[in-house]
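Enquirer: The hints should help you fit chain B onto chain A, whose structure is shown.
Number of protein chains: 2
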Amino acid sequence: MREVWVLGAASNRFGKMAETAREAATRVSWEAIHQAGIDPKAIGHTFVANCFGVADHQAHLGPLINQGLGIPEVPSVTLESACSSSSAALHEAFVHVAGGFADAALVVGVERLSTIDTLQATSYFAIAADYPFETKNGATFPGLYATLASAYRAAFRTTPEMFGAIAVKNHANAARNPHAHFQKEITMETYLASPVIASPLRLYDCCPFSDGAAAVVVAAKESVRSPVTEPLVVRASARAGAVTDMHDRTDLLGLPSTRRAAELAFRQAHLTPREIDFAEVHDCFTIAEALALEDLGFYPKGTAAQASLDGATARDGTLPVNPSGGLKAKGHPIGATGAAQVVEIFEQVNGLARGREVPRTGTALAHNVGATGGSCSVHIFGRR
Amino acid sequence: MREVWVLGAASNRFGKMAETAREAATRVSWEAIHQAGIDPKAIGHTFVANCFGVADHQAHLGPLINQGLGIPEVPSVTLESACSSSSAALHEAFVHVAGGFADAALVVGVERLSTIDTLQATSYFAIAADYPFETKNGATFPGLYATLASAYRAAFRTTPEMFGAIAVKNHANAARNPHAHFQKEITMETYLASPVIASPLRLYDCCPFSDGAAAVVVAAKESVRSPVTEPLVVRASARAGAVTDMHDRTDLLGLPSTRRAAELAFRQAHLTPREIDFAEVHDCFTIAEALALEDLGFYPKGTAAQASLDGATARDGTLPVNPSGGLKAKGHPIGATGAAQVVEIFEQVNGLARGREVPRTGTALAHNVGATGGSCSVHIFGRR
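These protein sequence lines are chains A and B, in that order.
Just so you know, our numbering puts 1449 at position 18 of the first sequence, and the rest follows in order with no gaps.
Just so you know, our numbering puts 1722 at position 291 of the second sequence, and the rest follows in order with no gaps.
Bound-form chain A, shown alone (with noise of 0.2 Å):
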């Protein structure tokens, strides 16, 4: 197997894109290119991130994207794992990159929902879920995750500010990260008197709807000649699966996709928990957060709510998690939050995250889950 580097990494700023996903992708992806400093004939393949090309009219849009980059001759595959898709995508450069059949790929991922109405973004995002047994039933995101909120609540003493201290951790993050989509700070008081969506979760305990597009490149290290950034190492590249209906699961403490998706990881990189120095996790709500740094074996079960308390996951903390901000601030444009993982690591190592930098950079992990945990993938990355 080929070691594989990330080159580039690029971002647009999270929020209500006036581009179409078409024309967003593109544009991040010749930013991606450029700062990787390659050739764009020397990709191999591109692996496009969507979930719902209906909502803006474009599907197959990788030959769309490639053309704009003047390679309309290489292959492209558009890809789909719920929330996860991008890091899917990812994983899938990792694997032709790795196993030689590319010496470089790209890796873009888009979403644009906001020229469609609320209610309709919302029967969308619902699809990935279990349609017959959930969705159906009214059963959506913010109800699937209060019930996993629930479950903790009921197994572990938790206060409503161990939830609002990783919102405001978030948000205090984002509002220093110019793709942010919400760059702006909130106290403890805003997000104890937000109002209750699906109970026990607030406004503030959910991620928004936002349109957003990010790419990466990665090349095999034998391909890359001197490189014009601090590359990241892919330590590892690793996914899992799970069952998808919350009420086939013998236990709602975790999501055992996560579990399973670490455990591969850090076996493949070669690393326990405690060798890594930040981490962007999914945290689509704030009870989200608390389960990864768990399942991802950062913290024992039913301790990480108390330890965002006490500032753990804070920038200055022991481990910093989301530094960009996370699904909850910089927002959740479906396609692209698993690259945009990627793009925060990138500019954390690369010193582009001014005014947000974590104090050691040397090992990260980035955790993107699909749905509920249907699908997680998770990805380490170490310096050269």
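It is possible that part of the hints are untrue.
Identical copies carry no separate label here, and so any pair may be met within one copy or between two of them.
What the hints assert, rightly or not - Here are the computed lysine to any residue pairs in the SDA-like style, where the Cα-Cα straight-line distance is at most 25 Å:
1) K1567 to A1486
2) K1652 to F1532
3) K1732 to R1588
4) K1447 to T1546
5) K1567 to A1552
6) K1652 to G1531
7) K1567 to I1547
Hint data in this document are derived by calculation from the structure and do not stem from the laboratory.
Fair warning: this is a prediction, and the values are worked out from it, not measured in the lab.
Expert: Here is chain B on its own, set in the frame of chain A:
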């Protein structure tokens, strides 16, 4: 690179499915795995091909299919490359297995659009073309392929009967295929009397909207002890892209993505077009079959339509083409089409194509196009 084998391949009857996409995909997956004689737990990755999950209210199909197969922990992803989605999925499966990332992989393509109205389905299909430049201005696929047909008719001396011969032949084959949507023969008179859809294309030049599901199981040769079927050896798995917009092309007498994918595939397989015994090619419209046969190198430019009229592509011809009935008459459930081509090749090789056998089954080619050629996949299969 490890040698990759197709051990099983199964399809339902194309047409109108009472089952949901998820149910049909799970069932054909079971059938393909059972046929392959392997334990579902041997599957290392599931690649789903599906374009319009929104029509069936279900995205993120992989975890649901895997759950039905008793392997919820296995990673999965859904791939979209317009009408070439499941050949793109097969390519990813090939890369994973050939590269040593999985010993076996499942490819399952599925589409169900019969639950929505035809106009809505047309508008969904149309997003696989270039929306702002083509679809938005009224150019749906019959119109786009009619443009290709017009260019062909203007450049070469063709008669309507040459294209009619393709439709008559494919219907004759589909009449002998229990998986086919249209299990009925048509006459040249019926073809010539059918209404014009987009001049010069008549009704019987066009493939139907079909529901359907097809699954393929691949495994590394070295992981198979004693195959219970006659495996297809994957001699080549190649993909290419090309400019999507028709107005940006310099040549309308063929598809550049087919030419490039074919060149790569024949090089990979160390074979020439003369060594192919039969082929499944992408005949979404009759003109597409003629162009494919020329772009793939089977016929000089401008001669394939005449060859069809001469009977050269019939089951007893020099090169049998689309013994399954093709997209034209077997049907075209977008996400399932590429996998269904492999089902036909597998059934021919394993003596399961009763009543529609081709004389020689040593080497076969499958050709699958996305939209009007923005993407193309070519696979070549041999025998042990």
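Enquirer: Hint by hint, note whether the structure agrees.
Expert: Do the hints match the structure? See the list:
1. Taking CA atoms no more than 25 Å apart as the test, K1567 paired with A1486 passes in both settings, with 20 Å inside one copy and 14 Å between copies.
2. Taking the shortest alpha-carbon separations for K1652 and F1532, both the intra-copy value of 14 Å and the inter-copy value of 19 Å come in at or below 25 Å.
3. Taking identical chains as interchangeable, the C-alpha atoms of K1732 and R1588 lie at most 25 Å apart only when both belong to the same chain, with a minimum of 12 Å there against 75 Å between chains.
4. For the identical chains of this complex, K1447 and T1546 are intra-copy neighbours only, at 9 Å inside a copy versus 32 Å across copies, given an alpha-carbon limit of 25 Å.
5. In this homomeric assembly, K1567 and A1552 come within 25 Å of each other (Cα to Cα) both inside a single copy, at 15 Å, and across copies, at 22 Å.
6. Both within a single protomer and between protomers do K1652 and G1531 lie at most 25 Å apart by alpha-carbon distance, with minima of 11 Å and 19 Å respectively.
7. Taking the shortest Cα distances, K1567 and I1547 sit within 25 Å of each other both inside one copy (21 Å) and across copies (17 Å).
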